[in-house]
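Chemist: What follows is each chain in one-letter form.
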Amino acid sequence: MFSFRKSALAVVAAASVGGFMGAAPVQAQTLKVVMHSDLKILDPIWTTAYIVRNHGYLVWDTLFAMDEKFDVKPQMVDKYDVSADKLTWTFTLRDGLEWHDGKPVTAEDCVASIKRWAAKDSMGQKLMASVKSLDVVDGKTFKMNMSEPYGLVLQSLGKPSSNVPFMMPARVAATDPNVQIKVEDVIGSGPFMFKRDEWKPGEKTVYVKNPKYKARSEAPSGLAGGKVAKVDRVEWVWISDVQTQVGALQNGEIDMIESPGHDLLPLLAKDKNVNLVTTNPTGNQYTFRFNSTVKPFDNAKVRHAVFVAFAQDDFLKATIGDPKYFEVCKAPFICGTPLATDAGMADVLNGNAAKAKQLLTEAGYDGTPIVLMQSTDLQVLTNLAPVAKAQLERAGFKVDLVSMDWQTLVSRRVKKDPPNAGGWHAFLTSWVAADILNPVMAGFFNASCDKAMFGWPCDATIEKFRDQFSKETDPAKQKQIVEDLQKYWVNHPTHINVGQWYAPLARRTNIEGNMIAPVTVFWNVTKK
Amino acid sequence: MLDFIARRLIAIVPVLGVVAVFVFLMLRLTPGDPAAVIAGDNATSDQIADIRTKLGLDEPIWTQFAIWISNVLQGNFGESFFFKKTVAELIAQRVEPTLALATCTLVFAVGISVPIGVMAAYRQGSLIDKAVMGFSVLGFSVPGFVIGYCLIYVFAIELGWLPVQGYVRIGVNFWQFAERMVLPSLTLSVGFVALISRITRASVLEVLNEDYIRTARAKGLSNRVVLMRHALRNAAVPILTVIGLGIAILIGGAVVTESVFGLPGLGRLTVEAVLSRDFPTIQTVILLFSVVYVVVNLLIDISYTLFDPRIRY
Numbered sequence: 019m020f021s022f023r024k025s026a027l028a029v030v031a032a033a034s035v036g037g038f039m040g041a042a043p044v045q046a047q048t049l050k051v052v053m054h055s056d057l058k059i060l061d062p063i064w065t066t067a068y069i070v071r072n073h074g075y076l077v078w079d080t081l082f083a084m085d086e087k088f089d090v091k092p093q094m095v096d097k098y099d100v101s102a103d104k105l106t107w108t109f110t111l112r113d114g115l116e117w118h119d120g121k122p123v124t125a126e127d128c129v130a131s132i133k134r135w136a137a138k139d140s141m142g143q144k145l146m147a148s149v150k151s152l153d154v155v156d157g158k159t160f161k162m163n164m165s166e167p168y169g170l171v172l173q174s175l176g177k178p179s180s181n182v183p184f185m186m187p188a189r190v191a192a193t194d195p196n197v198q199i200k201v202e203d204v205i206g207s208g209p210f211m212f213k214r215d216e217w218k219p220g221e222k223t224v225y226v227k228n229p230k231y232k233a234r235s236e237a238p239s240g241l242a243g244g245k246v247a248k249v250d251r252v253e254w255v256w257i258s259d260v261q262t263q264v265g266a267l268q269n270g271e272i273d274m275i276e277s278p279g280h281d282l283l284p285l286l287a288k289d290k291n292v293n294l295v296t297t298n299p300t301g302n303q304y305t306f307r308f309n310s311t312v313k314p315f316d317n318a319k320v321r322h323a324v325f326v327a328f329a330q331d332d333f334l335k336a337t338i339g340d341p342k343y344f345e346v347c348k349a350p351f352i353c354g355t356p357l358a359t360d361a362g363m364a365d366v367l368n369g370n371a372a373k374a375k376q377l378l379t380e381a382g383y384d385g386t387p388i389v390l391m392q393s394t395d396l397q398v399l400t401n402l403a404p405v406a407k408a409q410l411e412r413a414g415f416k417v418d419l420v421s422m423d424w425q426t427l428v429s430r431r432v433k434k435d436p437p438n439a440g441g442w443h444a445f446l447t448s449w450v451a452a453d454i455l456n457p458v459m460a461g462f463f464n465a466s467c468d469k470a471m472f473g474w475p476c477d478a479t480i481e482k483f484r485d486q487f488s489k490e491t492d493p494a495k496q497k498q499i500v501e502d503l504q505k506y507w508v509n510h511p512t513h514i515n516v517g518q519w520y521a522p523l524a525r526r527t528n529i530e531g532n533m534i535a536p537v538t539v540f541w542n543v544t545k546k
Numbered sequence: 019m020l021d022f023i024a025r026r027l028i029a030i031v032p033v034l035g036v037v038a039v040f041v042f043l044m045l046r047l048t049p050g051d052p053a054a055v056i057a058g059d060n061a062t063s064d065q066i067a068d069i070r071t072k073l074g075l076d077e078p079i080w081t082q083f084a085i086w087i088s089n090v091l092q093g094n095f096g097e098s099f100f101f102k103k104t105v106a107e108l109i110a111q112r113v114e115p116t117l118a119l120a121t122c123t124l125v126f127a128v129g130i131s132v133p134i135g136v137m138a139a140y141r142q143g144s145l146i147d148k149a150v151m152g153f154s155v156l157g158f159s160v161p162g163f164v165i166g167y168c169l170i171y172v173f174a175i176e177l178g179w180l181p182v183q184g185y186v187r188i189g190v191n192f193w194q195f196a197e198r199m200v201l202p203s204l205t206l207s208v209g210f211v212a213l214i215s216r217i218t219r220a221s222v223l224e225v226l227n228e229d230y231i232r233t234a235r236a237k238g239l240s241n242r243v244v245l246m247r248h249a250l251r252n253a254a255v256p257i258l259t260v261i262g263l264g265i266a267i268l269i270g271g272a273v274v275t276e277s278v279f280g281l282p283g284l285g286r287l288t289v290e291a292v293l294s295r296d297f298p299t300i301q302t303v304i305l306l307f308s309v310v311y312v313v314v315n316l317l318i319d320i321s322y323t324l325f326d327p328r329i330r331y
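In order, the protein sequences belong to chains A and B.
For this note's numbering, count along the first sequence from 1 and bump the result up by 18.
For this note's numbering, count along the second sequence from 1 and bump the result up by 18.
Incorrect hints may have been included.
Stated by the list, open to error - No farther apart than 30 angstroms at their CA atoms in a straight line, the calculated lysine-lysine pairs in the DSS-like style are these:
1) Lys237(B) to Lys213(A)
2) Lys148(B) to Lys469(A)
3) Lys227(A) to Lys102(B)
4) Lys103(B) to Lys200(A)
5) Lys148(B) to Lys218(A)
6) Lys237(B) to Lys218(A)
7) Lys200(A) to Lys148(B)
8) Lys103(B) to Lys144(A)
9) Lys72(B) to Lys50(A)
10) Lys72(B) to Lys433(A)
11) Lys227(A) to Lys103(B)
12) Lys148(B) to Lys133(A)
13) Lys72(B) to Lys230(A)
14) Lys87(A) to Lys495(A)
15) Lys133(A) to Lys144(A)
16) Lys144(A) to Lys546(A)
17) Lys121(A) to Lys102(B)
18) Lys237(B) to Lys121(A)
19) Lys72(B) to Lys213(A)
20) Lys222(A) to Lys102(B)
21) Lys319(A) to Lys342(A)
22) Lys237(B) to Lys133(A)
23) Lys433(A) to Lys161(A)
24) Lys237(B) to Lys469(A)
25) Lys213(A) to Lys102(B)
26) Lys133(A) to Lys72(B)
Said to hold, decoys possible - Among the chain B residues that face chain A by a calculated CB cut under 7 angstroms, a handful are:
27) Glu176
28) Gln183
29) Val186
30) Gly189
31) Lys237
32) Gly280
No lab work stands behind these hints: they were computed from the structure.
Beta carbons are placed, not taken as given, at the ideal position from N, Cα and C, and that holds for glycine.
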């Protein structure tokens with residue numbers, strides 16, 4: 019019988035002997051990680067999938083980045099300047115930035131990249147609505163000329179999550195935003211380089227350290243600061259079975275699991291060779307989304323009744339279980355972040371079925387069954403819908419729970435058909451907190467009717483608040499706008515936040531240095 | 019014989035035609051939109067619609083079918099919606115692990131099940147017979163993934179003899195390849211061993227009661243010669259038949275086993291393609307499985323002539 023461990027010991031022994039015998043070649047440090055999904059798509063602008071975003075952070079760099087305290091800091095940018103009238107922003111790139119093919123990063127590349135990103139990303143589109151022109155000044159400098167002051171320029175360019183404004187060479191950024199970039203064009207200026215020849219979808223994705231990367235001198239913080247690659251090679255190994263992932267980690271075949279299932283955490287916690295580390299302190303938020311175009315949810319009072327009927331605790335206990343990994347949090351813009359506030363939330367999310375019943379009567383709810391879509395194949399979502407059903411029924415709703423796999427749900431939620439003919443009334447999902455830190459970024463707050471995300475809420479007042487927020491440059495005033503918006507939104511909800519939860523990553527004890535950030539990144543990570 | 023083979027090969031064409039139409043329609047009529055999957059969770063309806071147009075999914079279903087089938091007839095199986103690779107390339111990348119798993123499983127299964135089936139028949143009613151029958155009931159009843167997890171727990175995690183998961187190509191390192199094949203092959207073999215050993219036992223038992231066996235024994239032939247030359251050879255046809263039919267079980271089992279042991283084979287490709295609604299990949303893989311199933315059974319039919327001289331085509 020051939021033993022993996024024995025083989026490994028033999029290699030270690032041989033290496034030790036080599037150490038005594040003389041200078042042995044230094045072995046490349048390889049970090050083997052199982053991510054939350056397999057990497058099939060390579061273009062982080064073409065898709066909003068989180069796995070592609072994480073891939074993007076390895077390969078490409080950003081002009082600005084959000085640090086651990088949610089402040090946006092320059093990243094590829096050396097210095098920036100805004101005119102007194104706040105209509106002209108000037109950005110100058112750092113010296114010595116290079117693409118992986120050895121060509122210099124230029125202002126022209128950045129302008130082309132911003133344009134491609136803005137064509138796809140909703141926050142980018144909002145930014146570009148206030149941009150008059152983007153002009154290249156010289157090789158390292160470009161200007162953003164605004165038609166009106168815009169308060170979220172830096173937040174947009176330092177947006178931490180999908181779609182992240184990654185900088186790409188101009189010829190790559192010239193690709194139609196609705197067409198995926200070619201495999202050979204996965205060339206960035208980030209701390210790691212994509213190994214095209216070793217990419218085997220369904221098996222593994224390989225990145226190697228970019229030896230020419232010029233890290234910033236500041237200490238790394240969140241997604242900002244010096245991005246120093248401390249391992250030579252990062253391998254994303256794809257193991258689809260969660261139980262096998264855990265076995266592989268316990269056996270030392272892999273170094274890290276990005277998101278082990280919550281039911282397997284007790285098993286990992288008992289293993290002395292494994293550490294569970296929560297690197298994303300803002301975590302995720304469960305959300306109940308209405309289809310605001312159909313009865314009865316076209317009536318704001320009925321939606322408000324749902325808000326009154328729900329209690330977060332039940333959702334979180336049913337899905338996450340261990341209170342160490344969840345938090346009852348009424349703030350829609352995430353507890354622990356600058357815009358977190360409970361303004362207007364006192365009377366909702368308390369599980370008040372009697373009050374909800376009264377509101378339903380006042381709203382004239384006619385007993386139309388609510389078609390509630392339940393995703394059954396994603397463990398972190400499966401138990402949400404039954405809890406919602408129970409709480410809705412307690413408040414007097416009739417509920418038709420329709421179970422399906424997530425991909426079917428994803429396909430059905432974009433349909434505007436009547437709920438009893440292939441459409442829907444509501445479903446539950448989860449957002450990464452980094453995607454919903456303010457009302458412009460948070461897609462479910464978009465209430466621009468047909469242009470809004472599925473659910474298509476149509477509310478001019480919410481849109482007015484979002485617009486005011488985006489144009490306000492004073493953070494204190496921005497916070498006030500958020501509070502005002504929230505007080506209005508509670509009575510005219512587009513969705514309901516039903517709790518905040520966290521997922522630790524599991525890593526072998528010889529792995530250290532994961533950044534505290536909303537995205538799993540691999541600079542600063544060491545393997546002893 | 020050549021005429022038989024030619025006729026059987028020609029008969030594959032309508033089979034594949036039916037499979038092609040069936041798979042194509044099933045995929046289009048079941049819920050799920052690859053464009054929505056590709057676009058990601060935060061995508062807007064417009065973004066999804068753009069992708070749908072780019073993929074040609076907004077065309078009428080019969081137009082899509084006509085385009086696909088004409089491409090297939092020209093040997094072009096299309097490009098995966100997700101991987102930015104042709105389906106042919108994807109399959110070429112994934113075929114080795116599945117082929118290795120299938121071969122090792124067949125070797126394990128036949129190597130174990132035929133001897134124990136013969137032994138059970140020869141010692142009918144004995145402890146060995148009861149043990150073999152008991153095992154076969156267990157082998158049928160316990161799902162493959164449970165067996166897989168148990169084997170991983172014992173041999174990989176507790177004893178540390180074998181790796182939990184992964185695949186190393188045979189050309190890269192044979193020993194690493196071999197140690198990664200043991201647990202998946204054993205897992206997949208269990209059901210097969212249960213099936214083949216039962217059939218072997220039944221077939222050999224039937225043959226052992228034939229007059230020519232009595233005659234052979236009366237001639238003074240040893241038990242070994244009677245069993246190997248007379249009994250087993252005559253019992254081979256039903257055993258071969260069940261091995262051929264078992265290819266379908268093998269394909270189904272590979273899907274689960276490859277997922278449990280992290281083998282990047284065709285089984286896992288199928289699961290991934292189904293979950294992400296990667297139509298071109300699903301269609302081609304299912305067509306491929308159909309061809310394999312038909313061809314393997316043709317080979318089994320041909321092999322009958324080796325064991326039974328009365329069978330001629």
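Chemist: Decide, hint by hint, whether the structure agrees.
Modeler: Status of each hint after checking the structure:
1. Lys237(B) to Lys213(A): violated (71 angstroms)
2. Lys148(B) to Lys469(A): Violated, at about 69 angstroms.
3. Lys227(A) to Lys102(B): holds (25 angstroms)
4. Lys103(B) to Lys200(A): It holds: about 10 angstroms lies between the C-alpha atoms, which stays within 30 angstroms.
5. Lys148(B) to Lys218(A): Status violated; Cα separation ~47 angstroms.
6. Lys237(B) to Lys218(A): Distance of about 62 angstroms is beyond 30 angstroms: violated.
7. Lys200(A) to Lys148(B): Status violated; Cα separation ~61 angstroms.
8. Lys103(B) to Lys144(A): violated (34 angstroms)
9. Lys72(B) to Lys50(A): violated (35 angstroms)
10. Lys72(B) to Lys433(A): holds (19 angstroms)
11. Lys227(A) to Lys103(B): holds (26 angstroms)
12. Lys148(B) to Lys133(A): Violated: Lys148(B) and Lys133(A) sit about 74 angstroms apart, past 30 angstroms.
13. Lys72(B) to Lys230(A): Distance ~37 angstroms between Lys72(B) and Lys230(A) Cα, so the pair is violated.
14. Lys87(A) to Lys495(A): At roughly 19 angstroms apart (the allowed maximum being 30 angstroms), Lys495(A) and Lys87(A) satisfy the hint.
15. Lys133(A) to Lys144(A): Holds: Lys133(A) and Lys144(A) sit about 12 angstroms apart, inside 30 angstroms.
16. Lys144(A) to Lys546(A): violated (45 angstroms)
17. Lys121(A) to Lys102(B): holds (26 angstroms)
18. Lys237(B) to Lys121(A): It is violated: about 88 angstroms lies between the C-alpha atoms, which goes past 30 angstroms.
19. Lys72(B) to Lys213(A): Measuring from Cα to Cα gives roughly 27 angstroms; hence the hint holds.
20. Lys222(A) to Lys102(B): Given that 30 angstroms is the threshold and the Cα spacing comes to 15 angstroms, the pair holds.
21. Lys319(A) to Lys342(A): Answer violated: Lys319(A) to Lys342(A) is near 35 angstroms, above 30 angstroms.
22. Lys237(B) to Lys133(A): violated (92 angstroms)
23. Lys433(A) to Lys161(A): violated (41 angstroms)
24. Lys237(B) to Lys469(A): violated (90 angstroms)
25. Lys213(A) to Lys102(B): Holds, at roughly 16 angstroms.
26. Lys133(A) to Lys72(B): Holds, because 21 angstroms separates the two Cα atoms, which is no more than 30 angstroms.
27. Glu176: violated (10 angstroms)
28. Gln183: Holds. Min distance 5 angstroms.
29. Val186: Cβ of Val186(B) sits 11 angstroms from chain A, so the hint is violated.
30. Gly189: violated (15 angstroms)
31. Lys237: With a closest approach of 44 angstroms, the Lys237(B) hint is violated.
32. Gly280: holds (4 angstroms)
Comparing the model with each numbered hint stated earlier shows that hints 1, 2, 5, 6, 7, 8, 9, 12, 13, 16, 18, 21, 22, 23, 24, 27, 29, 30, 31 do not hold.
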